[in-house]
Amino acid sequence: MTEFVLYSYFRSSASYRVRCALHLKGLKFDYKAVHLLNNGGEQHQAAYRDINPGREVPSLIHNGRVIGQSMAILEYLDDVAAGPRLFPNDPYQKSLVRQFCENINCVQPLQNLRTVQFLTGDLGLPETLKQRWLDEWLGRSFETLETLLQKHSGTHCFGDQVGAADCFLVPQIFAAKRMNVDLSRYTNVLRVAQAAEALPAFQAAHPSRQPDTPAST
1 MTEFVLYSYF
11 RSSASYRVRC
21 ALHLKGLKFD
31 YKAVHLLNNG
41 GEQHQAAYRD
51 INPGREVPSL
61 IHNGRVIGQS
71 MAILEYLDDV
81 AAGPRLFPND
91 PYQKSLVRQF
101 CENINCVQPL
111 QNLRTVQFLT
121 GDLGLPETLK
131 QRWLDEWLGR
141 SFETLETLLQ
151 KHSGTHCFGD
161 QVGAADCFLV
171 PQIFAAKRMN
181 VDLSRYTNVL
191 RVAQAAEALP
201 AFQAAHPSRQ
211 PDTPAST
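Residue 5 in our numbering sits at position 5 of the sequence shown, and the numbers go up by one each step.
No lab work stands behind these hints: they were computed from the structure. Be aware that a few hints might be false.
For each label pair, taking beta carbons as the anchor points, the in silico distance ranges come out as [as the list claims (entries may be wrong)]: (1) PRO53 - GLN117: 30 to 38 Å; (2) GLN131 - ALA82: 24 to 32 Å; (3) GLN117 - ASP212: 43 to 51 Å; (4) ASN63 - PRO91: 25 to 33 Å; (5) ARG85 - PRO211: 40 to 48 Å; (6) GLN117 - ALA72: 43 to 51 Å; (7) VAL80 - ALA46: 23 to 31 Å; (8) PRO53 - ALA215: 12 to 20 Å.
Result set (EDC-like, lysine to aspartate or glutamate): computed pairs, CA atoms no more than 16 Å apart in a straight line [claimed, not checked]: (9) LYS177 - ASP160; (10) LYS28 - ASP50; (11) LYS28 - GLU42; (12) LYS94 - ASP160; (13) LYS94 - ASP78; (14) LYS130 - ASP212; (15) LYS177 - GLU136; (16) LYS32 - ASP212; (17) LYS28 - GLU102; (18) LYS151 - GLU136; (19) LYS25 - ASP78; (20) LYS177 - ASP135; (21) LYS25 - ASP50; (22) LYS25 - ASP79; (23) LYS151 - ASP135; (24) LYS25 - GLU75; (25) LYS94 - ASP122; (26) LYS32 - GLU3.
Every residue, glycine too, gets a C-beta built ideally from N, C-alpha and C.
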């Protein structure tokens, strides 16, 4: 039995962040799939609500204790686990990385499954307006990320050491591409993401390689 248990959905960008971090740290973990669409969404079932009252993924269990929210999980992993650090030790540098990650966190509610389902289902928005919504809000976020990377990036988001910011950026790009958001003008964003995607940890965390990935994906 492994020390960590991760409740995840293969295509969830927040779960993807945590998978990247676990693999970067070299930590073994048990994978528990929570399908966000099957039977109205397994996250709404009583068994999972007992684990995560917010009915969201990811959830990480360590020594019988549950941690939710990807930022909290990454910070927790740095506190309790050996391996490469996800956040810098220097307070200012750490604040810059957290700023970058929180920018992605801030746009996450505007792109996640339940928001898009509400826009197209409850509000009846056509696909053209849904796409306009995604282009607008994700575009604003990527403009900010591009500016930060112009100032701070090296091979990776912050210098030449891969870390938490890369764990947040790569899944966000994956999500944006799935949503047909044009990223071509964000050259630094694409450059540092490509560098991270080449690393074994990020390849192992990719949505196409998870236990719950459909065979047709």
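The hints, checked one at a time:
no.: 1; hint: PRO53 - GLN117: 30 to 38 Å; in the structure: violated, 20 Å
no.: 2; hint: GLN131 - ALA82: 24 to 32 Å; in the structure: violated, 44 Å
no.: 3; hint: GLN117 - ASP212: 43 to 51 Å; in the structure: violated, 20 Å
no.: 4; hint: ASN63 - PRO91: 25 to 33 Å; in the structure: holds, 28 Å
no.: 5; hint: ARG85 - PRO211: 40 to 48 Å; in the structure: violated, 28 Å
no.: 6; hint: GLN117 - ALA72: 43 to 51 Å; in the structure: violated, 25 Å
no.: 7; hint: VAL80 - ALA46: 23 to 31 Å; in the structure: holds, 29 Å
no.: 8; hint: PRO53 - ALA215: 12 to 20 Å; in the structure: violated, 33 Å
no.: 9; hint: LYS177 - ASP160; in the structure: violated, 25 Å
no.: 10; hint: LYS28 - ASP50; in the structure: violated, 24 Å
no.: 11; hint: LYS28 - GLU42; in the structure: violated, 24 Å
no.: 12; hint: LYS94 - ASP160; in the structure: holds, 15 Å
no.: 13; hint: LYS94 - ASP78; in the structure: holds, 12 Å
no.: 14; hint: LYS130 - ASP212; in the structure: violated, 27 Å
no.: 15; hint: LYS177 - GLU136; in the structure: holds, 14 Å
no.: 16; hint: LYS32 - ASP212; in the structure: holds, 9 Å
no.: 17; hint: LYS28 - GLU102; in the structure: violated, 26 Å
no.: 18; hint: LYS151 - GLU136; in the structure: violated, 24 Å
no.: 19; hint: LYS25 - ASP78; in the structure: holds, 9 Å
no.: 20; hint: LYS177 - ASP135; in the structure: holds, 11 Å
no.: 21; hint: LYS25 - ASP50; in the structure: violated, 28 Å
no.: 22; hint: LYS25 - ASP79; in the structure: holds, 12 Å
no.: 23; hint: LYS151 - ASP135; in the structure: violated, 24 Å
no.: 24; hint: LYS25 - GLU75; in the structure: holds, 12 Å
no.: 25; hint: LYS94 - ASP122; in the structure: violated, 40 Å
no.: 26; hint: LYS32 - GLU3; in the structure: holds, 14 Å
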